[in-house]
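A.B. asks: Below, each chain spelled out in residue letters.
2 protein chains.
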Amino acid sequence: MKYGFSDRVKYLKSSAVRDILKIINQGNIISFAGGLPEEKLFPVEAVDQAFHKAITTNKKALQYGETEGVPELRALLSERMIQKGLHRSPDDILITSGSQQAIDLFSRVMFNAGDVILTENPTYLAALQVFESYETNVVAVESDDDGMVLADLEEKIIKHKPKCIYVVPTYSNPTGKVWSLERRKKLLELANQYHIVIFEDDPYGELKFDEQEAQPSIASLDEDGLVLYTSTFSKTVVPAVRIGWIVGPHQIIRIMAQAKQASDLHTNSISQHALVHLLKEFDIDGHIQTIRKTYYERMLIMKRLLDSVDIEGLEYIVPKGGMFFWVKLPPHINTTTLLNEAVAAGVAFVPGAPFYVSDPEENTFRLNFTNSEPALIEEGMKRLVNVLESATVNV
Amino acid sequence: MKYGFSDRVKYLKSSAVRDILKIINQGNIISFAGGLPEEKLFPVEAVDQAFHKAITTNKKALQYGETEGVPELRALLSERMIQKGLHRSPDDILITSGSQQAIDLFSRVMFNAGDVILTENPTYLAALQVFESYETNVVAVESDDDGMVLADLEEKIIKHKPKCIYVVPTYSNPTGKVWSLERRKKLLELANQYHIVIFEDDPYGELKFDEQEAQPSIASLDEDGLVLYTSTFSKTVVPAVRIGWIVGPHQIIRIMAQAKQASDLHTNSISQHALVHLLKEFDIDGHIQTIRKTYYERMLIMKRLLDSVDIEGLEYIVPKGGMFFWVKLPPHINTTTLLNEAVAAGVAFVPGAPFYVSDPEENTFRLNFTNSEPALIEEGMKRLVNVLESATVNV
Chain A
1 MKYGFSDRVK YLKSSAVRDI LKIINQGNII SFAGGLPEEK LFPVEAVDQA
51 FHKAITTNKK ALQYGETEGV PELRALLSER MIQKGLHRSP DDILITSGSQ
101 QAIDLFSRVM FNAGDVILTE NPTYLAALQV FESYETNVVA VESDDDGMVL
151 ADLEEKIIKH KPKCIYVVPT YSNPTGKVWS LERRKKLLEL ANQYHIVIFE
201 DDPYGELKFD EQEAQPSIAS LDEDGLVLYT STFSKTVVPA VRIGWIVGPH
251 QIIRIMAQAK QASDLHTNSI SQHALVHLLK EFDIDGHIQT IRKTYYERML
301 IMKRLLDSVD IEGLEYIVPK GGMFFWVKLP PHINTTTLLN EAVAAGVAFV
351 PGAPFYVSDP EENTFRLNFT NSEPALIEEG MKRLVNVLES ATVNV
Chain B
1 MKYGFSDRVK YLKSSAVRDI LKIINQGNII SFAGGLPEEK LFPVEAVDQA
51 FHKAITTNKK ALQYGETEGV PELRALLSER MIQKGLHRSP DDILITSGSQ
101 QAIDLFSRVM FNAGDVILTE NPTYLAALQV FESYETNVVA VESDDDGMVL
151 ADLEEKIIKH KPKCIYVVPT YSNPTGKVWS LERRKKLLEL ANQYHIVIFE
201 DDPYGELKFD EQEAQPSIAS LDEDGLVLYT STFSKTVVPA VRIGWIVGPH
251 QIIRIMAQAK QASDLHTNSI SQHALVHLLK EFDIDGHIQT IRKTYYERML
301 IMKRLLDSVD IEGLEYIVPK GGMFFWVKLP PHINTTTLLN EAVAAGVAFV
351 PGAPFYVSDP EENTFRLNFT NSEPALIEEG MKRLVNVLES ATVNV
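Chains as they are written, first to last, in full-length UniProt numbering: chain A, 1 to 395; chain B, 1 to 395.
Because the hints were derived from the structure by calculation, they are not lab data.
It is possible that some hints are incorrect.
Here are the computed lysine-lysine pairs in the BS3-like style, where the Cα-Cα straight-line distance is at most 25 angstroms [said to hold, decoys possible]:
#, chain 1, residue 1, chain 2, residue 2
1, B, 60, A, 40
2, B, 186, A, 2
3, A, 53, B, 293
4, A, 303, A, 185
5, A, 2, B, 382
6, B, 280, A, 59
7, B, 22, A, 60
8, B, 53, A, 53
9, B, 53, A, 293
10, A, 10, B, 161
11, B, 280, B, 328
12, B, 59, A, 40
13, B, 53, A, 185
14, A, 59, B, 161
15, A, 2, B, 2
16, B, 59, A, 293
17, B, 161, A, 156
18, B, 303, B, 328
19, A, 59, B, 293
20, A, 280, B, 59
21, B, 59, A, 22
22, B, 59, A, 53
23, B, 156, A, 53
24, A, 60, B, 59
Negatives, chain A to chain B, calculated, CB over 12 angstroms [said to hold, decoys possible]:
#, residue
25, 7
26, 82
27, 150
28, 181
29, 191
30, 202
31, 213
32, 255
33, 260
34, 265
35, 359
36, 361
37, 379
38, 386
A virtual CB, placed ideally from N, CA and C, is assigned to each residue, including glycine.
Kindly generate the complete structure, drawing on both the sequences and the hints.
C.D. replies: Here it is, written out as structure tokens:
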């Protein structure tokens with residue numbers, strides 16, 4: 001039988017990164033390609049205890065639950081966010097199956113085909129996948145080290161009348177950049193002036209290397225109900241728990257909850273109750289400190305080895321947090337081609353091109369420093385440096 | 001700020017049943033309204049052990065996982081379905097966040113606005129919610145005790161050229177009906193003749209009261225790649241685990257997996273690994289026997305009390321499995337109005353009207369018999385019988 005699919009299937013793409021990972025995971029390759037947290041840091045004992053309590057304390061916790069999420073978890077998240085300056089009540093929070101679902105549900109209730117979304121360029125690949133699946137028109141705004149370039153942003157707002165500006169302003173995937181406070185404030189001003197919703201995607205905000213240099217979330221600066229803010233436990237507890245949350249104007253959150261009801265009734269409530277126990281009975285902030293310290297050390301090792309590369313025109317941004325280095329090679333190097341040579345040499349990265357909305361810079365790539373132990377970073381970077389140096393000599 | 005939503009928001013409705021449940025759960029009311037399994041039967045110790053093993057055996061189980069689902073779980077599900085005559089490989093299975101998500105992802109990849117779906121009438125409310133959110137045109141087919149009426153089905157196929165026929169053929173929600181073998185086969189014949197996909201929603205198939213009378217799934221009779229079949233662990237293990245699966249032609253499953261990747265990356269894998277342990281190390285079939293026996297006893301108690309009602313024109317179907325009685329009152333009784341009186345008397349049901357695609361029969365209601373212990377069924381039904389009898393006398 002021949003099946004007829006919906007038109008939107010045309011816009012569904014498998015993630016280039018996930019496809020690359022499938023190949024890489026098959027061999028004996030040191031991979032800097034994924035975006036995985038370090039498994040050795042998973043708080044297994046605390047997670048085990050938390051699930052044990054969630055399952056055995058109250059049978060109601062195993063029954064069907066509320067679409068909005070377990071009330072105690074929303075209350076705890078509200079408290080944690082208030083501590084960070086983001087003042088929202090539990091009713092303004094929707095628990096989601098990872099922050100990816102927050103992006104999807106938001107898109108479902110906000111966008112018609114042809115609506116314009118402004119984003120950084122490059123930006124988070126799987127957000128682009130979602131936006132494209134709703135047949136929206138994603139337009140890239142120029143960025144520099146401090147965030148979007150304001151003149152270009154305003155020009156594109158006027159030209160395209162966007163419905164939303166999507167940003168990953170803190171230790172972004174893929175570039176590792178942090179927006180300055182000034183740019184955060186100016187973004188809000190422009191959004192307010194032109195009546196545009198901001199979607200602040202913040203999976204990495206907790207992974208800061210220097211508390212002093214950290215910036216407030218854009219949502220915490222918002223006084224006009226402009227910002228939807230999403231984050232996740234994937235990087236601070238474990239990814240498999242698949243719990244994220246989104247917080248913002250109640251009117252939007254309420255409609256997203258209706259969409260979620262149709263979509264999957266509610267998020268896994270065993271995991272939600274386990275997180276309630278974890279937040280109450282485990283020193284999650286101490287645990288996050290350990291993660292930060294470990295990732296910072298690994299970042300420094302990778303930085304030292306990147307600094308040792310003798311290639312004219314190689315540039316990279318030193319991450320102030322998060323999980324990634326973003327590296328730029330001389331313009332004649334195509335990193336998609338280079339990946340084959342790297343894999344042959346036993347090391348992998350992700351080429352930069354798929355992260356671009358438009359005008360991909362084919363000479364860029366992303367390196368993850370969180371999922372390999374120091375000795376593997378040393379060995380993998382040695383292999384990579386060889387590949388890079390011979391590639392630049394060969395041309 | 002005034003927010004602009006997508007057009008599809010118009011078609012998003014909150015579930016009438018969930019809204020009723022919120023009110024009912026506030027008082028001291030015996031509720032036959034929900035569709036909840038019995039908490040006292042939850043296999044807490046086995047679930048606790050299974051999660052403990054899933055969390056502590058292998059740190060990889062806590063990392064990001066495959067969109068399609070944990071391979072061992074898909075393999076075990078494939079084996080279980082083959083035992084029931086449904087021959088599909090693990091590659092033809094997608095693990096979902098409950099079977100609700102299977103309906104949503106299927107709709108996402110199959111339906112354009114205006115596409116026609118044929119359904120029974122009444123049918124599963126939350127499937128209608130999903131279909132409507134994709135702006136499809138749902139058309140009701142006449143049914144009798146054995147399933148859809150074939151003459152009406154063929155007439156509507158010819159008239160509406162539907163893309164899909166959605167059915168809940170086994171112990172359906174809300175009517176508790178079972179399709180006969182002949183109707184199952186004829187449905188397949190018509191679907192094959194007119195090239196229509198069948199979506200078989202089977203959350204209740206395991207809850208059969210008489211093994212001898214059980215019917216094979218429509219999917220197990222399908223030789224032409226016509227049927228998508230979905231089921232869930234919500235009724236056999238616990239709802240909070242939010243694990244369902246969908247099985248069918250690989251081409252459709254593969255595209256649904258791409259949609260799932262954009263939607264939520266992958267289903268909670270702690271729960272998936274826990275179910276692998278549960279299926280291997282726990283006598284789930286013995287546990288299902290206990291559930292069947294308990295629900296059968298409760299169904300008989302409710303039946304006895306329904307039989308004691310002295311109202312001319314009261315009709316109901318004796319369920320052969322599942323969780324529900326579907327009751328019809330004399331035509332002049334409106335059960336939505338009656339619910340207020342019932343709640344005042346300390347008992348609740350769900351009015352039938354919201355389950356109808358069109359031409360709602362306002363004199364119908366649904367009773368759940370699985371979530372109340374025998375003494376509560378006795379007491380609740382006494383209250384309900386009083387309400388019913390005085391309502392029919394009053395008019």
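A.B. asks: Give a verdict on every hint.
C.D. replies: These are the hints, each one checked on the structure:
A threshold of 25 angstroms between alpha carbons decides the hint, and for residue 60(B) with residue 40(A) the separation of about 10 angstroms falls inside it, so the pair holds. For a cut-off of 25 angstroms, the pair hint linking residue 186(B) to residue 2(A) stands: about 20 angstroms separates their Cα positions. Distance hint between residue 53(A) and residue 293(B) is unfulfilled; the C-alpha atoms sit about 29 angstroms from each other, more than 25 angstroms. As the CA atoms of residue 303(A) and residue 185(A) are separated by approximately 31 angstroms, the hinted pair breaks the 25 angstroms bound.
Restraint check for residue 2(A) and residue 382(B): the C-alpha separation of about 55 angstroms exceeds 25 angstroms, so the hint is violated. Annotation: proposed proximity of residue 280(B) to residue 59(A) holds, straight-line Cα distance about 23 angstroms (limit 25 angstroms). In summary, the hint linking residue 22(B) to residue 60(A) is supported, as the alpha carbons are separated by about 15 angstroms, within the 25 angstroms threshold. As the CA atoms of residue 53(B) and residue 53(A) are separated by approximately 15 angstroms, the hinted pair is consistent with the 25 angstroms bound.
For the given pair, residue 53(B) sits about 29 angstroms from residue 293(A) by alpha-carbon distance, which is inconsistent with the 25 angstroms threshold. For the proposed pair residue 10(A) and residue 161(B), the alpha carbon gap of about 23 angstroms is at most 25 angstroms, so the pair holds. Restraint check for residue 280(B) and residue 328(B): not satisfied, since their Cα atoms lie roughly 43 angstroms apart, outside the 25 angstroms limit. Proposed proximity of residue 59(B) and residue 40(A) is supported: the alpha carbons are some 8 angstroms apart, at most 25 angstroms.
At roughly 48 angstroms between alpha-carbon atoms, residue 53(B) and residue 185(A) are farther apart than 25 angstroms, so this suggested pair is violated. About 47 angstroms separates the Cα atoms of residue 59(A) and residue 161(B), which puts this hinted pair outside 25 angstroms; it is violated. Note on residue 2(A) and residue 2(B): the hinted pairing is violated, with a Cα-Cα distance of about 45 angstroms set against a maximum of 25 angstroms. At most 25 angstroms may separate the alpha-carbon atoms for a hinted pair to count; residue 59(B) and residue 293(A) meet this at roughly 21 angstroms.
With a C-alpha separation of about 44 angstroms, the suggested pairing of residue 161(B) with residue 156(A) is violated against the 25 angstroms cut-off. For the hint pairing residue 303(B) with residue 328(B), the CA-to-CA distance comes to about 14 angstroms; that is within 25 angstroms, so the pair holds. For the hint linking residue 59(A) to residue 293(B), the alpha-carbon distance of about 21 angstroms falls within 25 angstroms, and the restraint holds. Distance restraint check for residue 280(A) and residue 59(B): the Cα-Cα separation of roughly 23 angstroms lies within the 25 angstroms cut-off, and the hinted pair is therefore satisfied.
Straight-line distance between C-alpha atoms of residue 59(B) and residue 22(A) comes to about 19 angstroms, which keeps the hinted pair within the 25 angstroms bound. Taking the CA atoms of residue 59(B) and residue 53(A), the gap is near 20 angstroms; set against the 25 angstroms cutoff, the hint holds. Pair hint residue 156(B) plus residue 53(A) does not hold up; C-alpha atoms about 53 angstroms apart against a cutoff of 25 angstroms. Using a Cα cut-off of 25 angstroms, the hinted pair residue 60(A) and residue 59(B) is violated, with the two alpha carbons roughly 29 angstroms apart.
Remark: the non-interface label on residue 7(A) conflicts with the geometry, its nearest Cβ contact in chain B lying 5 angstroms away (cut-off 12 angstroms). With a least beta-carbon separation of about 22 angstroms from chain B, residue 82(A) lies farther than 12 angstroms from that chain, consistent with its non-interface assignment. Every Cβ of chain B is farther than 12 angstroms from the Cβ of residue 150(A); the closest lies at roughly 21 angstroms, confirming the non-interface assignment. The Cβ of residue 181(A) lies farther than 12 angstroms from every Cβ of chain B, with a closest approach of about 22 angstroms, so its non-interface assignment holds.
For residue 191(A), the shortest C-beta to C-beta distance to chain B comes to about 9 angstroms, within the 12 angstroms cut-off, and the non-interface label is violated. With a least beta-carbon separation of about 17 angstroms from chain B, residue 202(A) lies farther than 12 angstroms from that chain, consistent with its non-interface assignment. Once the 12 angstroms rule is applied to beta carbons, residue 213(A) is consistent with being away from chain B; the minimum gap is 29 angstroms. Some Cβ of chain B comes within 12 angstroms of the Cβ of residue 255(A); the nearest lies about 6 angstroms off, and the non-interface call is violated.
With a least beta-carbon separation of about 10 angstroms from chain B, residue 260(A) fails to lie farther than 12 angstroms from that chain, contradicting its non-interface assignment. For residue 265(A), the shortest C-beta to C-beta distance to chain B comes to about 5 angstroms, within the 12 angstroms cut-off, and the non-interface label is violated. Here residue 359(A) stays apart from chain B, with its beta-carbon at least about 23 angstroms from theirs, past the 12 angstroms limit. Its beta-carbon lying about 24 angstroms from the closest one in chain B, residue 361(A) satisfies the requirement of being farther than 12 angstroms from that chain.
Residue placement check: residue 379(A) keeps its beta carbon more than 12 angstroms from all beta carbons of chain B (closest about 21 angstroms). Its beta-carbon lying about 29 angstroms from the closest one in chain B, residue 386(A) satisfies the requirement of being farther than 12 angstroms from that chain.
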